[in-house]
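Novice: Read off the chains here:
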Amino acid sequence: MHKVAVVDDNADNRLIIRTILEDQYEIMEFSSGIEAIEGFRKNKPDVVILDISLPEMDGTEILRRIREDSALHDLPVVALTAHAMVGDREKYLAAGFNDYVAKPILDMNVLFSTIQRWAPGT
Amino acid sequence: MGRQPIRVLLIEDSEPDYILTRRALSSIENETFDLEWASTWQTGIEAIRRATHHVCLLDYRIGGGDGLELLKESRETSCKAPVILLTGVSDHRLDVEAMELGAADFLVKDQLTPPLLERSIRYAIAQSGAIAELNRRHDELRASELRFRSVVQSAADAIVLADDSGRIIFWNKGAESMFGYQDEEVTGTSLEVLMPESYRDRHRAGFERFRMGGRSQIIGKTIELEGLRKDGTIFPIELSLASWTSGDGTFFTGIVRDITERKRTEEMRRAKEAAEQASRAKSGFVARISHELRTPLHAIIGFTNLLLQNKPGNLTSNDLDFLDRILLNAKGQLQLINTLLDLSKVEAGRVEMNVGPVSLDSVVREVVKQLEGERDNADVELEVSIPDTVKPIETDANKLKQVLINLIDNALKFTERGKISVGISVSPVDFQPTRIDVSDTGRGIPPDRLDDIFEPFLQLPSEATQPGGTGLGLSICRSLCDLLGYRLEVQSKPGRGSTFSIVLPEAQEDLSLWERVG
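Residue numbers (the working numbering), protein chains in the order written: chain A, 7 to 128; chain B, 55 to 572.
Bound-form chain A, shown alone (with noise of 0.2 Å):
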């Protein structure tokens, strides 16, 4: 089974996402920057939904240190925001994040399929 990083800091979110993915998927929760480098480092996901307004270290600083850090450099990460503006898909992207998906998730397969583009489910 792929492992899949989701690191929120609302853990309704993050039961949420864990709810969709977990029949196929071996969900990781991580509720801050700092804890999620820890983890990755000891236990390296497949695939990392990464939302992008988190207390403390914000999305894209984690998403710099994921790409400085040698073993986890290659890391797909796909961004998680609240609310998408128009053109937010190509910022993010520009940014470095691999994929991106808007809160709230009113699409299940949406999420599903954007992961799976990462790692094939189970």
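Derived by calculation from the structure, the hints in this document are not laboratory data.
Note that the coordinates shown come from a computational prediction; the quantities given were computed from them, not determined experimentally.
Below, computed lysine-lysine pairings styled on DSSO-like, alpha-carbon distance capped at 27 Å: (1) Lys385(B) with Lys97(A); (2) Lys445(B) with Lys97(A); (3) Lys423(B) with Lys473(B); (4) Lys385(B) with Lys336(B); (5) Lys317(B) with Lys227(B); (6) Lys547(B) with Lys473(B); (7) Lys399(B) with Lys97(A); (8) Lys385(B) with Lys399(B); (9) Lys423(B) with Lys97(A); (10) Lys455(B) with Lys97(A); (11) Lys317(B) with Lys284(B); (12) Lys467(B) with Lys399(B); (13) Lys445(B) with Lys455(B); (14) Lys455(B) with Lys467(B); (15) Lys9(A) with Lys365(B); (16) Lys134(B) with Lys163(B); (17) Lys455(B) with Lys547(B); (18) Lys317(B) with Lys275(B).
Once you have looked at the hints, place chain B on chain A.
Specialist: Structure of chain B alone, referenced to chain A:
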């Protein structure tokens, strides 16, 4: 001896007297003289006009004429050389008359000795030099006075001079028009007429203190006060005060500037800044609160979605209907919050601009294509009208798209049947786009509401019944257009339809050209 010889003009019709004079001059030591002799009235006046001499010795009786007449005439030429009158007899009356006519000296021939002649010549030259210097200084002073007067009189500021008892002794045209009094009305009156009652005690006290030898707190400074016009109006002034002392006593010069306009501008600027700051603070607050409001909604929507899957299969159709309603309401509220957040971001100036070359035709086609897929009313046609050539413009493509999405979305929402057309106009001269129009055949907007529709939360009553309307879409469009430097206009006929136009800035010139050509 490096001394220049003194050039003497002798006007004398008697040859023996000429010889005597020449002899007297040549016997003077320490001084050399060049003597020019004119023996007639005519040659005399000509020599005076040439004015090559330092001093003129003029015989009282010359060629049957009167030396005094010649003296008078010589004064009217430009010759400034002193004239010494020579006469055969001593005559006090003549002496006085000659002096009055400007003669430097009056000598009696019989008493003439070389030392006397020498001294008289020397004094005459020295005196005329002193007079010339005095005249020069006088002229300078006059020119300076004229310069000063023209500066003072042409100044827009009021310039008021007062003596040490506080009486006005001079006042310029600027003061006249500022305070409304004529020069003669105020000259000699107290400065107090120019100040409102409330300032007079302080003025008197300050004046008294200064006169008693105390230091003034305002001399040499510029202060803000109030002035009183003849018509009784009080106005804000800026006063610069100086004092100076001459032989006649101590005087004060006040330069008064009417700062009504400046005060008004300052006030307006302060009010504007305060309003802008309040608006920014409000927008910042809205942005934060929106984030907090949104997060629980994400959870509500997410979990409702999960329940709607009905994975265990034990929910009734009634349960699922209720869940649908929860989801619909939550989504509606989320949209409202998101829109509010957009608006507050735009208003707080917290949106990044991303300007680059943009092809308007492809932007319009893209947006229309996207919305065409989403619309659900088959009775409405969505058409695009774009000229063959549209020059790319520098703009923020995403913000422009957002405006177009909102406008077309609105049009779709309020049009039951007919068509919505999106068109680009270009200048016929250089294909520069001038405007983008979104027209519908919908219900239209009553004329008295046209001004309101861009205001946040001022929805039309009929609009409120529409699903998913927040009343903020057009506010965002207008704020975004402001940000992009465009004008958002609307024209509407109730029952016939509305046209919203994004007017691009270059459009104004090109459009007028177009209209002229057309």
